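**Q** Please take these sequences and the hints and turn them into a complete structure.
For the protein sequence lines, the chains are A and B, in the order given.
When you read off a place in the first sequence, starting at 1, and then add 1180, the result is the number in the working numbering.
When you read off a place in the second sequence, starting at 1, and then add 28, the result is the number in the working numbering.
Since the hints were derived computationally from the structure, they do not count as laboratory data.
Mixed in with the good hints, there may be bad ones.
[What the hints assert, rightly or not] Distance windows between CB atoms, simulated:
| id | chain 1 | residue 1 | chain 2 | residue 2 | range |
| --- | --- | --- | --- | --- | --- |
| 1 | A | Gly1211 | B | Met352 | 53 to 61 angstroms |
| 2 | A | Gly1211 | B | Ala348 | 54 to 62 angstroms |
| 3 | B | Leu267 | A | Asp1195 | 24 to 32 angstroms |
| 4 | B | Arg77 | A | Ala1209 | 47 to 55 angstroms |
On a predicted model such as this, the values are computed, not experimentally measured, just so you know.
Built from N, CA and C at the ideal position, the CB exists for glycine as well.
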Amino acid sequence: MTTATQLYGLLAQYDEPEALRAAASQAYAHGYRRMEAYSPFPVESLATALGHPRSRLPILTLVGGVLGGVSGYGMLYYASVISYPMNVGGRPLHSWPSFIPITFELTILGAALFTVFGMLALSGLPMPYHALFNVPEFKRASRDQFFLCIQSIDPQFDINQTAAFLKECRALAVHEVPR
Amino acid sequence: MTPDGLGDPGSAVHAGNVAPSPAPPRVLEPGQTYASVTDKISAIALAHRHPRSWMIGFIASSLLLMVFLYASGLLLITGIGLWGNNVPVAWAFDIINFVWWIGIGHAGTLISAVLLLFRQEWRTSINRFAEAMTLFAVACAGLYPILHLGRPWVFYWLMPYPNTFGLWPQFRSPLVWDVFAVSTYATVSFLFWYVGLIPDFAVLRDRARRPFAQIVYGILAMGWRGSAIHWQRYETAYLLLAGLATPLVVSVHTIVGFDFAVSIVPGWHQTLLPPYFVAGAIFSGFAMVMTLAIPLRAVYGLEDFITLRHLDNMAQIMLATGLMVGYGYLMEVFCAWYSGNQFEWYVTINRAFGPYALCYWALIACNIVIPQLIWFRSVRSNVTALFVIALIVNIGMWLERFVIIVISLHRDYLPSAWEMYYPSVWDFAQFLGSIGLFLTLLFLFIRFLPVISIFELRELVHETDGGQRS
Chain A
1181 MTTATQLYGL
1191 LAQYDEPEAL
1201 RAAASQAYAH
1211 GYRRMEAYSP
1221 FPVESLATAL
1231 GHPRSRLPIL
1241 TLVGGVLGGV
1251 SGYGMLYYAS
1261 VISYPMNVGG
1271 RPLHSWPSFI
1281 PITFELTILG
1291 AALFTVFGML
1301 ALSGLPMPYH
1311 ALFNVPEFKR
1321 ASRDQFFLCI
1331 QSIDPQFDIN
1341 QTAAFLKECR
1351 ALAVHEVPR
Chain B
29 MTPDGLGDPG
39 SAVHAGNVAP
49 SPAPPRVLEP
59 GQTYASVTDK
69 ISAIALAHRH
79 PRSWMIGFIA
89 SSLLLMVFLY
99 ASGLLLITGI
109 GLWGNNVPVA
119 WAFDIINFVW
129 WIGIGHAGTL
139 ISAVLLLFRQ
149 EWRTSINRFA
159 EAMTLFAVAC
169 AGLYPILHLG
179 RPWVFYWLMP
189 YPNTFGLWPQ
199 FRSPLVWDVF
209 AVSTYATVSF
219 LFWYVGLIPD
229 FAVLRDRARR
239 PFAQIVYGIL
249 AMGWRGSAIH
259 WQRYETAYLL
269 LAGLATPLVV
279 SVHTIVGFDF
289 AVSIVPGWHQ
299 TLLPPYFVAG
309 AIFSGFAMVM
319 TLAIPLRAVY
329 GLEDFITLRH
339 LDNMAQIMLA
349 TGLMVGYGYL
359 MEVFCAWYSG
369 NQFEWYVTIN
379 RAFGPYALCY
389 WALIACNIVI
399 PQLIWFRSVR
409 SNVTALFVIA
419 LIVNIGMWLE
429 RFVIIVISLH
439 RDYLPSAWEM
449 YYPSVWDFAQ
459 FLGSIGLFLT
469 LLFLFIRFLP
479 VISIFELREL
489 VHETDGGQRS
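**A** In structure tokens, the structure reads:
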């Protein structure tokens, strides 16, 4: 029998998303907080059931878009008015309508880059090693099985009680996750 | 929740049809489970052996790619004189092909982004390879303006970067807008495609048996575990990207339209051009998706996933955008007449009755007349007929760019500067070769990556009341 300190946590297995969501709500109501659910496709309101707050990603997207747009327009202004002013038939140097297309494209580019890299960074990806990959059954999290993992760092974690609790939550199986 | 078009497809679509019709085809044939869709799609990428038709297709496209490389190499050594274009027709096959390819790309973004925002679940089976098609089409498109530069090895002069000349690109020129539009489009399309692939890379990582495949797919999956918080961010990111890609795709072809509309060449200098280019791009893009999807589903037995319903829907979008393009042709003629401008009117007459009249009428036949067959349900449910119509539309849209570009340029204001344009054999070699480049990339994609988004199919199984058992 492994001791709690050698464990990453206990992994309960389900075969339908509804069962997983019910178990997640039950575990949250029971007071477990350091836990995470794994599914082969996004399950509606599962993150909420686990107590995760709403994603702040849209703010990052906004920041990226504003940065892209402002710095883009700034570059166009600097190039056309300050660094390399060119008199074309007496037209104004600051010819803003012709700066709009590039500003628009750079806004989109900044927002898209911040969205993707923000999503990866907030999720801590890329992460080549994770304790969960030690469980052979976990391979099916990318196929047809649904998992709930209560981590050993949770204050309420107790290897026997937590295992019993997960069984109560109708887990098909409970696996130990070695570190 | 019954997502639109899953429970009762076609109820609104054919409201005007009097005859009692058989049950419309579904977006996913019954009997699929989470495991079965996963195994079926991932098996294509992980299989040791591939259908003979894949091998034949790959070899044929690689040979065409060699033609492209040979023509490009010769062009670099010789110069642009190798091609048939010369003043006054300074833009010819290179720009025709550029616009043609980039237009084809637009359907991929439309399917993956716009249909996602409109919650059209039927897009699920076709979005992945439509996005791949976008990427490869943009890659082909981007090569043409670069090869046309004359000195392609200094193409980076188009980008603003600190340089010892103390120079900047001319930011008031639509051609520089195009550089930004196309490079942003390529980057965002790639990000969108890659983000969509991450969970499926994890599937391949977990299902691959060979260590090499496990390592490569493992690196590409970046340690994806499918955790709830990751999925939450993932879905947010995917929606945001869709929201960003939608105005982007419209802006890209608008700017391609500006390349023409901002100039003063008769036949180009019209406010009509940008929106009519966007409609044409979607029209040709859907034609290309059909051209690719129909053989793909037959060869790999994907009829359960890419159903007749998909083909029917795509055909209807093609018909709708084709009618918009037809309206564009009509307004072009009307504006030329109504403007009272003799040069504009001459271009119109010259298109229909000049030396290239055959191209013009072939274009009308391919883009306007023949697609009207799609109105008939029997045609929409006939896979062969759809394939042929899609091919014809591809040809028609190529001819449209030929008509716009060459016929406008070869006779503009000054009759003493009029000249005929004839493509050289290298123009054709370059064009056919770029089709080889496109198809080679596509065959490699089919071989090594999941052609249908696996996790979205599992969602679809869940929503259509499948699951572990069916």
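**Q** Which of the listed hints are broken here?
**A** Of the numbered hints given earlier, the structure breaks none, since each of them holds.
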